[in-house]
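S.K.: Chains as they are written, first to last, in my numbering: chain A, -3 to 501; chain B, -13 to 312.
Take these hints with a grain of salt, some might be off.
Straight-line C-alpha distance at most 30 Å; calculated DSSO-like pairs for lysine-lysine [what the hints assert, rightly or not]:
1) Lys64(A) to Lys126(B)
2) Lys171(B) to Lys209(B)
3) Lys401(A) to Lys101(B)
4) Lys126(B) to Lys432(A)
5) Lys70(B) to Lys64(A)
6) Lys157(A) to Lys102(A)
7) Lys157(A) to Lys139(A)
Ranges between beta-carbon positions, derived for each pair [to be verified]:
8) Ile358(A) to Gly264(B): 25 to 33 Å
9) Glu19(A) to Lys171(B): 22 to 30 Å
10) Arg4(B) to Asp420(A): 33 to 41 Å
11) Leu65(A) to Gly264(B): 37 to 45 Å
12) Asn124(A) to Gly264(B): 44 to 52 Å
13) Ser8(B) to Ser4(A): 40 to 48 Å
14) Lys50(A) to Ser90(B): 51 to 59 Å
15) Lys157(A) to Gly264(B): 48 to 56 Å
16) Arg4(B) to Gln223(A): 57 to 65 Å
17) Gly32(B) to Ile358(A): 47 to 55 Å
18) Gln168(B) to Asp36(A): 30 to 38 Å
In short, the hints are calculated from the structure, not lab data. Each residue gets a CB set at the ideal place from its N, CA and C atoms; glycine is no exception.
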Amino acid sequence: MKISNSISKLSGVTQAAVVMATELNRRVLSEAGFKDAAIDLATTNDMIVAIEAKDGESIASALEETEKLLGSGEIQAGEKAQPATLEEALEIAPDANLVVISVPGKFAKREAMQALNRGLNVFLFSSNVSQEEEVELKALSKKKELLLMGPDCGTSIINHKVLGFGNSIREGNIGLVSASGTGLQEVTTLIHKAGLGISHAIGTGGGDLSEKVGGVTMIQGLQLLEQDVQTKVIVLISKPPGEATTKKVLEVARRSKKLIVINFLGEDNTHLVTGKLRAAAILDEAAQIACKLAGGKTEVATAAIPKETVSLALSEHKKLASGQKYIRGLFAGGTLCFESQIILQSVFGEVFSNAPVRHENIIAGNAASKKHTCIDMGAEEFVEGRAHPMIDFGLRKMRILQEAKDPETAVILIDVELGYGSNDDPAGQLVSVIEKAKAIAKDAGRNLPIVASVVGTEGDFQGLANQEQALSRAGVIIMPSNALATKVSAIIASGKKGSNPLQEF
Amino acid sequence: MLSTQLSLPIIEASSVGRIAYSRLRRQREGIIQGVYRTAINILFDGELVSLVSEEVQRGPLNITLKLPCGLLNLSSFGVKAGDKVRIDDFALKLGERNIVSFGSASVYSPNQRFKDSILANNEIEANVEVMRGTAIHFGKMAGLGELLSAITPEKAGDKVRNLNIFSSFAFPRIVRLEHAFQSEKESALKNAVRELIGFGPGLTPSSDDMLAGLVLVCVLYAKNCERAKCVSKLIAQAILKEVQGRTTLLSEEYLKQASSGRGNEPVMRLCAALLTEGPQAVERATMGALEIGETSGTDIILGIVIGAMLCIGKQSFLAQRNFNEH
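Isolated chain A (complex conformation) (with noise of 0.2 Å):
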């Protein structure tokens, strides 16, 4: 079906149709003057490809595409499989040194532990890996001195590389290291908008910097940007660790004669500020400082919310229903959730999530939301048997059809995740739910303001301008950041602007 329409909007075209040769689209075809032997000859299991065009190069040029598009999802026979083992995949590039593995739980450490042994860094994508095996693995690459980014690694940037998950970021001199995928993304590309990029932003996984693993991926990440000449500034980001992993990390980092910003969100980090350390509290306050230690001339888009969004979000406000309250926060970014809340708590006390900061606000992700509330879609209970949120909308959609009907939402908050790996057009999908989810609060009284960040940059080939403006043409407030995303919804319900650093409007 897809094949269809794409060929049908070619130039030259006239009209096109991709076709399993059943009896009655064979007759169809026909009426339509499509009449050739071959379509006589096919059976109902193969398929046609009937293409009218002005001219000869038009067919040949639609016929080229038609297969282009044809090979993307389905392997033909007599197509060389995709390397199914390791041996078979270093026959094809036997200079790799490094390898991405991405089998199921229960054998990753198998693998993984192949690799190493192979004397190849790894990036391990696969999750449900025990914190044991990750233990075991993280000390076998470290005796190997080879970097394991992972296990339930979602992203990272190796000499340009995305691997997993990620954005195009241009080079620079900044060098990360994290603990959360999308932590990293909205890091980068924040660095990117101001202007800058970066060297390497090596993933860490999940599990790194628990007390167990104390940190030996963000420890060898540091050295290896340590030595890593392009490096200028280290960025570490990551969900506050373990004390005495905290206490192994920094001991690494004060030795180190680079410029180091240390985010480990919810955290007050500003005792770290020593030396060549630099503290920040939030994923865009990373961003920013980690900019200006580069050499970045040019502000962070970030720094601030423009007057006239401040004056938007009052007005905003103002419209608002007496029993519309509360921020309903939907995100496919599990550090953009935690960041918000972070943020959110510092405005109104109380936050409640499936992923919470503060454990005495934890509510199941599939219940009803409770005042303000950040439910986390990427979490476990909702990606099982689906695919992730950044890549599968349904479960974000029917969330946000749900908190529109719920009177006392006043503001629903989301994140769109552009670049490798995820949906081919996130706003796209969004638009009509949203579009719906403003006429339901209208047809009951409401005003329902949304507003969102988009992570991207213009070098994703889903275009961030593009999915920026379809947003906003159904009416969304797009923000540069997820802080600042989050900071102009407390706005709106609130009616009031904040007053500590973090609601730093």
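For this one, chain A is given, so just place chain B on it according to the hints.
M.R.: What follows is chain B alone, placed relative to chain A:
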């Protein structure tokens, strides 16, 4: 983007459809018929079984696989059409290396008897409107989905005049099917069904998806409701008689299953919600069904809308329009 496609040593199945299970227990060898993003179709002595990713969900012919996080693409399995499949006890060996184990999988058997009783006709009609509205808003219209807007009075004229080639061809034939349903004549039903089977784009042609939705909701209604007419049985029989060799193998299998009151999980859930639950459940289930295939979900929903209206003794507005006007 750097490929994340590496070896998949043993993949575990989380569920096996009852029909698939009985086919697997009867056979030793099969052959891969097609490899797609979310499905690998295997033929065992002419009978189909599909390996599917969990996003496709459970179905009578499906072996639903637990794939590693983020890797929901079966076209990266490393097998191709024509490769042999061997069944060894409770495992399938695909090509040379890949093994799918279904020893600990649960057997999925769609529940044809609803746990709640069938709603009153006016409540079902209200649910049909919720389903139709949701599908118009979120569905994909490149197949027959445009007809969803033409089956009620509002703006139907405009919609009917501007139909795409597939909808415009199918429109008068669906009207004839509705008339045949109401006439309760076996021969008229067979003729009407024959005029639709195998038409339209997609691996499961759009008209087949529409017919599958229509017959499934009719059969389920009949199984759960004393006031149902026996015409549901007639249309199921007409499809079973006419489907052979007129459409793709996959579509033929789906139509046979639907005529027996069996469908994939999202469609079964939608029928249950439509006939026994409230509008919120219907809206949720509609969103789930819309995710089937490219346009299949929307086309199936069109069939369910028409079928449900016929079950409660109403004709869709499509049938009341003069289809020559477009």
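S.K.: Against each hint, give a clear statement of whether it holds in the structure.
M.R.: Structure-based check of each hint:
Distance check on the hinted pair: Lys64(A) and Lys126(B) sit about 23 Å apart at the alpha-carbon level, within 30 Å; holds. Between Lys171(B) and Lys209(B), the direct Cα distance comes to roughly 21 Å. Compliance with the 30 Å bound is thereby established for this hinted pair. A C-alpha spacing of about 28 Å is found between Lys401(A) and Lys101(B), which places the hinted pair at or below 30 Å, so the restraint holds. Note on Lys126(B) and Lys432(A): the hinted pairing holds, with a Cα-Cα distance of about 16 Å set against a maximum of 30 Å.
At most 30 Å may separate the alpha-carbon atoms for a hinted pair to count; Lys70(B) and Lys64(A) meet this at roughly 26 Å. For the proposed pair Lys157(A) and Lys102(A), the alpha carbon gap of about 27 Å is at most 30 Å, so the pair holds. A threshold of 30 Å between alpha carbons decides the hint, and for Lys157(A) with Lys139(A) the separation of about 26 Å falls inside it, so the pair holds. Between Ile358(A) and Gly264(B) the CB atoms are about 29 Å apart, so this pair conforms to the stated range of 25 to 33 Å.
The given range of 22 to 30 Å is respected by Glu19(A) and Lys171(B), whose C-beta atoms sit roughly 23 Å from each other. Range check, Arg4(B) to Asp420(A): about 36 Å between beta-carbon atoms, so the 33 to 41 Å window is met. Hint check: Leu65(A) to Gly264(B), Cβ distance near 42 Å, so the stated range 37 to 45 Å holds. About 37 Å separates the C-beta atoms of Asn124(A) and Gly264(B), a value inconsistent with the hinted range of 44 to 52 Å.
For the pair Ser8(B) and Ser4(A), the beta carbons lie near 42 Å from each other, so the given range of 40 to 48 Å is met. For the hinted restraint 51 to 59 Å between Lys50(A) and Ser90(B), the CB-CB distance of approximately 58 Å keeps it satisfied. Distance hint check: the CB atoms of Lys157(A) and Gly264(B) are about 51 Å apart, consistent with the given range 48 to 56 Å. In this structure the hint that Arg4(B) and Gln223(A) lie 57 to 65 Å apart at CB holds, the actual value being about 60 Å.
In this structure the hint that Gly32(B) and Ile358(A) lie 47 to 55 Å apart at CB holds, the actual value being about 53 Å. Checking the proposed 30 to 38 Å range against Gln168(B) and Asp36(A) shows it holds: the Cβ atoms sit about 37 Å from each other.
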